[in-house]
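From first to last, the protein sequence lines are chains U and F. Using numbering that gives the first Met the number 0, the first residue of the first sequence is number 0, and each one after it goes up by one. Using numbering that gives the first Met the number 0, the first residue of the second sequence is number 0, and each one after it goes up by one.
If you are wondering where the hints come from, they were derived from the structure by calculation, not from laboratory data. Backbone N, C-alpha and C fix where the C-beta goes; we use that ideal spot for every residue, glycine too. Just to be clear, a hint being listed does not mean it is correct.
Residues from chain F shown here face chain U by an in silico Cβ test under 7 Å; the list is partial [to be verified]:
| no. | residue |
| --- | --- |
| 1 | ALA219 |
| 2 | THR248 |
| 3 | ASP277 |
| 4 | PRO278 |
| 5 | VAL281 |
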Amino acid sequence: MTASDHEYKGRIFGRNVLEATFRSFYGTDLFLGELLVAEDPERARRFLFRVVQVTYGSDSSDPNWAERTAGAYMSGDAAGTPYRLHDPEQRLYKIATCAPLGYIDAGGEFRKPKSLPAQFGRVTAPTAEDFAFLRERMGDLGIGLLRSGEDTIDLEVGIRGSTLTSHVGVFATTGMGKSNLMKVLAGQILASQGRYAVLLFDPHGEYLEGGSGTRRGLRHHPWAADRLKVYATRASGAGATSLRLALSELTVGDLQTAYEWSHAQEDAIYRLVRFFREEWITRVGEEEDVQVLAEQLGVATSTLQVIQRRAQRILDLPCVSRDPTQPSLSGRIVEELTNGYSVLVDSSGLSSMEEILVASVITRRLMEEYSTAYLDDRERFEALPPALVALEEAQRVLSKVKRSEENVFPRVAREGRKFRVGLCAVSQQPKLIDDELLSQFNTFFILGLADERDRNILRGSSKQDISDLGPEIQTLMPGESIITNVELPFAVPAQVFLYEEYLKSVRGPSPLPDRPAGAARGLVE
Amino acid sequence: MGLDDAASFVVDLLERPGSDIRVAEGQAGLSEDLVVPGHPDAFELRAIEPVDPGTVWAVDGGSCLLADGRSFQVAAYRAGRVRLRGGVTDLVESPPLSVRALSADEVQSLARDILTDLCGSPPERLPDLPRPVDALREWAEWAEVARTVREAAPGDLVLVDGSLHGGPLVPSDVPRRVHAEAQDRDVSLAGVVKASTLFWGRNAPLVTLLKRRGDREVGAVPWAARISTDPTFGRLYVGEIFVAHLAPTAPYAFRVDVARGPAPPDQVLRRLAGASGDPAFVGYPYPLARAHQVARVGGYAVADLRRSFRGALSRHGMSEDDIEVLFQDFHEVLNRS
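Chain U with its partners taken away, still in its complex shape (with noise of 0.2 Å):
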């Protein structure tokens, strides 16, 4: 190879429109999720690549060369006289099985793999330009640049912003990267000024603050001070408003949606309905003799025990108030977000049921306001940002076992697109959301899952075909994305950006511009 090869990665000799392999140098670094091309020049093509499997070859005829050799090698440990294969360069080579992504033609268009590419054909890195035709699918929320194997490409990836109506999934494990993640997409709808607006529940007040050491959070975001609202659910300092919610606005179905109920229980409830109306609540909570209760309702004094601890619970909380003259600020946020502010929820110190409780009321809130707007004032519709709410382990109210008509998350995930709601769902298990619901997500951002069943369950929902990025996504390193959107061409590999990294490179609004030299002399004349 000459210098200027140095991008020269091998030829190729196989293997169908489905399935290219190629064969590499012994020393040639691949990487699964690697994206490279193969030149056509006899048709002006350039095919790209992505590398999904990689695995060793030699010259040798002998089909157990290589396992004798292993043999020959570990005889010599065992002996203390190591040995030294010579010129594995010349007798070992690599073989990368690749899946096509398409090709560019002779015009600059892309196109998807439907012919091969030239047999022996040079496979290079790919450069930049390569992929320019992506950058007019990327939409205006760049999350980070294309990756490479563990490489980056200078090409900016994200989503278009218009697509968050159509749900985001954020998808990985512990410590890969999910609410570095989360804190690019809400500072991009952030900077983008009010054309979109998130509501976005924070259970550990990390996308706020940013975290522990010196993680940055939203409140260091350039237009923070311009378009973030901050609402807290428990005594808040400076920079947050507690979060207050009228009692009287929680119905039965958020407490279905943020509980688990046994029917018994459901009966319960009902009849505690029909018998107090909207004091239900606070009648059984402050009930002294619920043996008495229960035999004027007509059911277990036990199962009317757990409804009032859980009552008693919710009435206790400070962000849910009993006093009507106090007016609940969920109307509040719903404005700011259709002013296109985005408004984050420090719900910690919430328990996980109180948090979506609260969620459910504000979602609600939400949904309605945008369902009213589009079904009786399509002008006013039409000028409403975007909006969409972010979860945390949203499995809890996208499972199987909640699905339920009174729930309002999966009611998002069906109809929230016409009412430009989109549900944002972050979760560490994708295989507990009901595989229905996940379908209607036209966005993943998958990052490192380590269990075959989350993987698979992405696999049959996801917008791209992602059969064979398994071993990819089980070896996805943080902050490494695989980005799967309706209107992408291919699984799009991301590196996200560092959040912190990130917030270097955004231009926050314009200071007023420093007063003329001697603008101020005329006034005093």
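Given chain U's structure and the hints, the job is docking chain F onto it.
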């Protein structure tokens, strides 16, 4: 003789092989076997300490028969060579196959021309050539060895595939001439024999016997036993004959001939051991293994060459039927049935 009888014969041969060593007929310029007294248990097994092999050249040949017309043959052959320098094979030469059509008369004439070149003067007598293709290959190998010795730098080691006596097809003048030039140029010369014809007593293979003894007595270390202890060898041969086990865990030992030269035989053996630690060819000098690979004529190459030859015959006006007859071999019919 049944299987049990055959097994009994082999075991007995190895247990009680006899009392003298025999160098097979045709070696060292002899018309009969050379027989010298000796006992395998008497040879000293000396440990070898491997050293950096330095620059090592290796030559090997490959050949195949393209067509056998009984009264004539069409043969293809070549000699390849490699050079190991600084631990890396920096030179690999695998020339295209030479193709020769040979009738009995043609062979005699060709042999005289080639051997005159190799020996520097017309040979006193021509060897028997029952398989001319083998002779063409071996002559090509020795021509390549001679060229390599001329091109090698002082201190280099040139390895030959086979013994330094040349065998029945190569007149002894050929290795002697090469050896003389190697000495003049301070180049070391050695031959490694994969299938030795050194016998002991009642035709027991000496290399096998010594390998067995080495495993038993010295274990997993490189070692060598000098076989040419009898003064007869010194008078007749260009160097010393060893049986050498060139890597600790090598499953094989080989006959190794080291020509008298600028470096003592021990030093050459140490360099050979230093070049025999490739795990794919444990105990065999790696340059010779590479030379074998570059020279060999594999099955696909033979098939390609035969196809090309049939095309050439057709271009020269031979009918398809005649070509078919030329290539047909009734053994294949029998084997297929």
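Any hints this thing doesn't respect? Which numbers, in order? none
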